[in-house]
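**Q** Sequence:
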Amino acid sequence: MSSSSLLLSPGPYHIISYGTLLGTTFFHSFVGGIISFQVLPRPQFSALQTKIFPVYFSIQTTIPVILALTYPGATSAFGSAGAAGIAGVLDPDNRWSVLAPIAAIFLTGLANLAVVGPATTKCMKERKHQETKDGKKSYDAPPHSQEMTALNKRFSQLHGISSLLNLGNFIAAVVYGFTLASRLD
Numbered sequence: 022m023s024s025s026s027l028l029l030s031p032g033p034y035h036i037i038s039y040g041t042l043l044g045t046t047f048f049h050s051f052v053g054g055i056i057s058f059q060v061l062p063r064p065q066f067s068a069l070q071t072k073i074f075p076v077y078f079s080i081q082t083t084i085p086v087i088l089a090l091t092y093p094g095a096t097s098a099f100g101s102a103g104a105a106g107i108a109g110v111l112d113p114d115n116r117w118s119v120l121a122p123i124a125a126i127f128l129t130g131l132a133n134l135a136v137v138g139p140a141t142t143k144c145m146k147e148r149k150h151q152e153t154k155d156g157k158k159s160y161d162a163p164p165h166s167q168e169m170t171a172l173n174k175r176f177s178q179l180h181g182i183s184s185l186l187n188l189g190n191f192i193a194a195v196v197y198g199f200t201l202a203s204r205l206d
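First residue of the sequence shown? That's 22 in my numbering, and the numbers climb one at a time after it.
Cross-link-like lysine to aspartate or glutamate pairs, in silico, EDC-like; alpha carbons within 16 angstroms at most:
1) K157 / E147
2) K174 / D161
3) K174 / E152
4) K146 / E168
5) K174 / E147
6) K143 / E168
7) K158 / E147
8) K149 / D161
9) K149 / E168
10) K158 / E168
11) K154 / E168
12) K157 / E168
Hint data in this document are derived by calculation from the structure and do not stem from the laboratory.
Put together the whole structure using the sequences plus the hints.
**A** Take a look at the structure:
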């Protein structure tokens, strides 16, 4: 394959997009987020996460679309043996190995981007407002006002849901990685 036809091939863009997704998700979930939580004071950590999460969840929502559009069809010694792009992703033979993980990546990213992330940010703002009323931080030792107790519970629920969605996103990306690796055999 010539270098100019390689530039027009969807394969390299597919692999680079997948690597970006997996690397971003792994790093933010298991390295950057944890270190940030450990070294930053809580208000600065919250401010950082509030700015990072929309970008992060946008990446998790956009890249699966790119993966679907650049899905490289299977090839054999006799030429093309499987559809590329959306048609290949939607091929019934690829339902569990390609469509399911890519759809899971997209849906978990979208849920965090459009629903859970904004609800969590709203809850954080409500807690900040309640801290002003109570004269006590949400993360200070109890007792807390009834309002703060309810807000802390709501925040914990939303954070848990977001974390589970993020873990599902990561697992789906790893599963899809096995599909890609199987094509190298």
